[in-house]
Each structure stands twice: as structure tokens, then as C-alpha cells.
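Protein sequences, first through last, are from chains A and X. In terms of the working numbering, the first sequence has 49 at position 49, counting the first letter as 1, and numbering is strictly consecutive. In terms of the working numbering, the second sequence has 57 at position 57, counting the first letter as 1, and numbering is strictly consecutive.
Be aware that one or more of the hints could be misleading.
Stated by the list, open to error - Short, incomplete list of chain X residues facing chain A, as computed with Cβ under 7 Å: (1) Gly24; (2) Asp31; (3) Val41; (4) Ile49.
Please keep in mind that the hints were generated in silico from the structure rather than gathered at the bench. Beta carbons are placed, not taken as given, at the ideal position from N, Cα and C, and that holds for glycine.
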Amino acid sequence: MSVVETARRIEAGELTPREAVESYLERIGQLDGALNAYISLRGDQALAEAEQAPPGPLHGVPVAVKDVIDVAGSATTAASELLRDNVVARDATCVARLRAAGAVVLGKLNTHEFAFGAMTTSPHFGAAHNPWSLDRICGGSSGGSGAAVAADLAAGTLGTDTAGSIRIPACFCGVTGLRPSTGLVPTDGVVPVSWSLDAVGPLARSAEDCALMLSVLTGRPVELEDGLGRLRIGVVEELFERADPAVAAQVRAAVEELRGLGASVEPVDVPLIEESGTINQLLMLPEAAEVHLPWLRTRLAEYGDDVRARLLAGLLMPATAHVTGLRARRWFLGELGRVFERFDLLAAPEMPIVPPPIGDDDVELNGERMPYRLSLIPFNSPWSLAGLPVVSAPAGFVNGLPVGLALVGRDREEQTVLRAAHAFQRATDWHERRPPAAAIRAAASAV
Amino acid sequence: MSESSPSPATPSIDFLRAAAAQQGVSPTDEDLEGVLGFLDVVLPRLEQIEERVPPGTPS
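Produce the complete structure using the sequences and hints provided.
Dropping the structure here:
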């Protein structure tokens, strides 16, 4: 059930908060053995808290949060060995705001180790499995957050996004995810990746759900009912050309739907897309190394291989690289600002491919084998680097696997991004499709 | 700053080991080989960006 529908049913007296929590806990018990979306559950606490949930727009709504976000009394593990027993005393501000609005936290969700990768295949807590095809990744790093929404193991979830970590799992799991503008949602109480790029945001069934959660996270209403009006949408042709043709075709059809709803749609060249990936790395890697330096000194061997490699790369890059990155970001922002003088939104495929099998580090894209982590960079890094809001909305399927439409807005214009996604979702039903619960249940019973 | 400045060479394993040690970190040779592979890719790109950022762009 969606966030909005759950809240409505509770408000109407059709469902109590306790019944809602019980229902989700039962479903988690049936399915999560096959998905591994959750790292920890707060079953008894959630049931007790449901009885005392305060009134508010999320009264009694069961949610779950990525396990880099603090929930008082629970461990924040970041899917790492280093933080396995890291029980925290206070809620992160984003969690406190959800709870003050009445939400009940069911548990903590799987992630790539330290949210520093896009697969959610922690060597310490195991891979999260994609509900649409259990042998495939959920994306990441908020993979558990995407899987939990897709399989209806929480009404809505929180994820974090440094270079695509909300958008990628939303795309791969067939749900809606919003990376808000950098700095819009507080990040205190969240294990950082990169202080200048990190963002906290919702993953849920629909843009309407994300709007409700964002309004609670920011304390400001998000209005969706204005329709598309005369929104000017720039189609980032370079990214369509880079994507798998079948994926690109699905997303082009989604853009045509937006045109049919009244938007003006034109192709646009976004400068420095290729360079923005490198610039992002010049900032993200040293910032992550700085966060982890005490542990790099004392517990280096306890990191997974891929995360250790990235952290060491950040540690050993030339000292001037970060400054060059800061200057180059200014350069990119200037170029992108000129694009947004002509357009209200940019549209692109969220990912160039469908989710690859678990264990495959390389993917095939337009006849070329390349590392999965490199395939996603041009589709995600430009918007992270600029700190812009991006929604990934379900836009169809290729070989039974979800495809996502990315809509990018100007800084702090989440409402425009969500309004367009909402209009698209009122005209289509991709966001209402569900993965096959029977197959997941059968796999879970065999675990 | 002259146009004839040589391109930065990828550092050696020994250089990286010393740089890590200066920061109190002791990676294995295998770890450092991975870093070298990354730097082989990123240093030329960094150099291109250094050259293309318009002069006077603040950080």
C-alpha cells in the first residue's frame, strides 16, 4: 500500500496503526528471507510505538530507513563490519521528523557498505535481491530501500544519495525515488560519504508519496495539483544515445507522454557530462577518505575490497585534486545554469541498462563490455555534482525488468520535478506494477 | 604553468606506500596496485580538467 493510501485508511478508521505495522511485519517475515532488504527489524518496538504514534500527516504509517541513518536504540551498521554493533542514542533529524509526523519505523535497510557503491552487495550482510528477478542486484547504495518498497515491505523508505544512490535503486526496483537538492534535508545522524554531495530523500510508490514524505522532511508543503502547464523539458540526447536502445525507447515513450500532457519538449546538449563524472570523483573520493581516515589507520582490512580500494584512491590522490574539483564544479554550474535558462526540467534515462545479475562487475552496453560502476556515472554524477533535485519514476520494462525516467530540476525546485512525475503517473500505470510475490514467497520458503 | 610543462606521471608503488605511511595508513601491495590502476585513469583526466577550467574560476 502507498504512503498516501495507508495514511488515508488510518485517518478514516479503516485500519489502526498497529494493524498496519502487524501487516508489514507479517509480509517481511514471509518475503525478506529471499530479498535481504532489511538488516535489522524493530518488530516489538514498532508495535509498541504504533500504539502511541502522534497525530500528523504520517500517523501510523510504517516506514523503514537505510542503515546509514540513525534510529535511537538501534544499530547503525552501514552494512559494515566496523559498525556492526554501533547502537546509537538519538534519531537522525530526518527520522525524528518522520516520527513527529506519526510514522512508525519498522527497521533498518540494506545498503552498499558505507553507502559507497551502487550494488548493495555487502560482504558482511549479504546482497539485497531485486524483487523483479531475485538473481539481480537492486542497485545502490540504497538497495534495501528500493527493494522494500517494491515488495511492499514498507509503505515508504528513506535513502541517501551521493552519486545516484536513491535514483539507481528506485529505477532498478520499479519504484519512485527523489534525490532532493543538496542541503535541503538535514544529514546529521547520517553516516557520511561526502559532505558536499550527500542528500537524504524518500523512495516510495509514487511521486505523490514522495511529495508527502518530503513535506514532512522539510516542514514545507509540496503542491502537485497544478498539472504540467507549459513546462519546458530538455531531452538530454547524449544520454539517450549512450543507453541501451531498448531502455532508451521506453524512456522516449515516457517523454512523449509528457509532451502529450502539454509540456514543450526539445533536445538539449548538456555541456561537460563526461567531465562531470571525473569532477564528482575529485570531490567525493578525498572527502570519503577524510571521513574514514581514523579507521583506515587502524582497521583497514575490515573493509570490503571495493570500498577499501575507493577509500585508498581518495587518500592517495594528489592534494590539489580536490581544489581542482571545487573550481571545476563552479565551471560546470555556470554551464548548466545556461541550460536551465531555457528549460524547467531535463529528462533522461535514469540508468542505461536493466539491473545486472548479482556478482557481475561488468555489463554490456551497446556492444561494449565495461565496468558497471562506469556505466552509471554519466547518468547520475552531473546532477549530484550540481546538487539538483532528481526524481526517478518507473517508465516501463525491458525483458521484465524495470526502467526509469529521470527528471532533473533547478536547485530547490523539488515541487516542479514532483509535479511532472505526478502528472506522468496519473497518465500511466508503470508505478502501480508489482513484482511477483508468489515467486519471492517460494524462494523465501526455500531459504 | 608553461605550455611545455611535462604531464604528471603515475606515481610508483613505493611513492604511494610512503604517502600512505605519512598519513598513518599501511595498505598492502595489492591495495596499492589497485590505487595505481585508478590513478592511471584519473590523472590524465584531472590534467585535462586543470587545463580547461577557465582562469579565475574560484573554488
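Evaluation of the provided hints:
{"no.": "1", "hint": "Gly24", "in the structure": "4 Å, holds"}
{"no.": "2", "hint": "Asp31", "in the structure": "6 Å, holds"}
{"no.": "3", "hint": "Val41", "in the structure": "9 Å, violated"}
{"no.": "4", "hint": "Ile49", "in the structure": "5 Å, holds"}
The structure fails hint 3 only (numbered hints given earlier).
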